[in-house]
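Be aware that the sequence shown starts at 3, since it is given in my numbering, and climbs by one per residue.
The hints are simulated quantities; they were obtained by calculation from the structure and are not laboratory data. Owing to the predicted nature of the structure, the values given are computational and were not obtained by experimental measurement. Check the hints yourself; a few may be wrong.
[To be verified] Cross-link-like lysine to any residue pairs, in silico, SDA-like; alpha carbons within 20 Å at most:
| hint | residue 1 | residue 2 |
| --- | --- | --- |
| 1 | K326 | G276 |
| 2 | K326 | V555 |
| 3 | K541 | V555 |
| 4 | K326 | V347 |
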Amino acid sequence: MSRDRALLQRALDRGEEDGGNVEFKERLSRHIHLAEGRRESLAAQLRHRVLSGDGEATYVVGVTDDGGLAGISPDAFSESMDVLSLLAEEADAHIEDVQTWGVDRSDADADSSVGDGKAGASEGASETESTGGLVGVATICDGAVLETDTEHVVVGTAGHVDHGKSTLVGSLVTGRADDGEGNTRSFLDVKPHEVERGLSADLSYAVYGFDDDGPVHVRNPNRKGDRAAVVEEADRLVSFVDTVGHEPWLRTTIRGLVGQKLDYGLLTVAADDGPTRVTREHLGVLLATDLPTMVAITKTDLVEDERVEEVEREVERLLRDVEKSPLSVERHGVDAAVEEIDETVVPIARTSAVTMTGLDTLDELFDRLPKTAGEDGEFRMYVDRSYSVTGVGAVASGTIKSGAVEAGDELLVGPMADGGFHEVEVRSIEMHYHRVDRARSGRIVGIALKGISESALERGMVLLPADADPEPVREFEAEVMVLNHPTRIGDGYEPVVHLETIGEAAAFYPEGGRLLPGDTGKTRIRFKFRPYLVEEGQKFVFREGRSKGVGTVTDVTPRV
């Protein structure tokens, strides 16, 4: 029996002991269990269960009073979790974790064992179609879940494939040396086929932190709870958005560097290879967005010191070619790097994930570098990913661009293809597997939404307060710079525009009819397929094959 199924079986075996911390509920509904008088009684019961369990209670939902498996529909389960969350809040507690299973009809009828459904962390709820419904175990802990005031710095990685981005990040967040075969890269949030091939194909995420005693590492990266513990324990968090180094997936890399609310960029250059064309492309994207950037020379254990020095000189020349000032941390120290890093000064550090050389230097940098991307104002988050969690529903994930969001908030999400927005409610918020009641600008979060299906969510949509008055557009004006293009850019030129998490084909109509390589000029830009929410001042990257340029939105024309 799996660990998660054993959790359910233990709860069923224990039953509702007198004075114990286990409670059975077939379902909870708003109109019955939140009615006047009933709500207070159930909250007091929940508080009693929590205190009886030394700060932790277990609620089994989808079962009868005697522990028989009943199974309820996904909608009924979601409503039950909403009600349970409100009861927990009233009892000064919070839902720490939820595990769900699909129960076979025969199992439910026979009151036998747990069905073969997958645990609640799985994506999609279709498993219940041929079953008797859902059964779930909610772990409730003492104390309300509040957002920590922990400072949170977000770093985007870039660099050529096989230059050790993910391996370096894996060693940083765990404090473990790599085996020379890239095993620590598996400590990131990666897909099975990426682990098998040893190549990242999508954005990955990782986190570690710092307290008064130094780095707070992830103890067991394969346990979501251990990752969540870092968020709870650290006084300062560093999240990594790990991008893709393989050239065919440059679009995904641009999405990671442009679509996330980053504080710093980290470019890796392998000592056994040196800067490549992809290195130059990734550096161009980092610097085009005015992102303060540092360079890590990786794999220094594979070459002699003379080669490391040669590669560092190559990196310095590359930076000077784009009018940036390199700063060797080896020669000038961490103090100088912390004080000088900005849009023009780029620190360079020498590292090895195998020998752990230079990782203490990066630790000190990440512990001391100030947050740069703070942004007040109304809540706004562009959707980067969406998925469905059994018993929870649609989840939109991304990096909060501005403001703050709380569980229970009413929001708008859109624009839809017709330019309209949909009203939703925030069920819950997770940050690196740690459930929070509130999250603010710069946090990488997953927001569970009530009132919309996952299939209706798309990358490039935005979450806004319910009282916002958004005006999505098909067209906008921009100031652009053409970095490289084989010929002139004329009316109707159609690259892909990457703005926030939007990645959409768009037609250019330059002022004067054309733009040449190296030119800076004004252009009107029209999305090819649908409207998006675009604001003045937003930066973007456009590309078509190897042709690339950058731009800034200067004027927005509301749709008619």
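For a quick check of understanding: which of the numbered hints are violated here, in increasing order?
Hint check: 2 fails alone, others pass.
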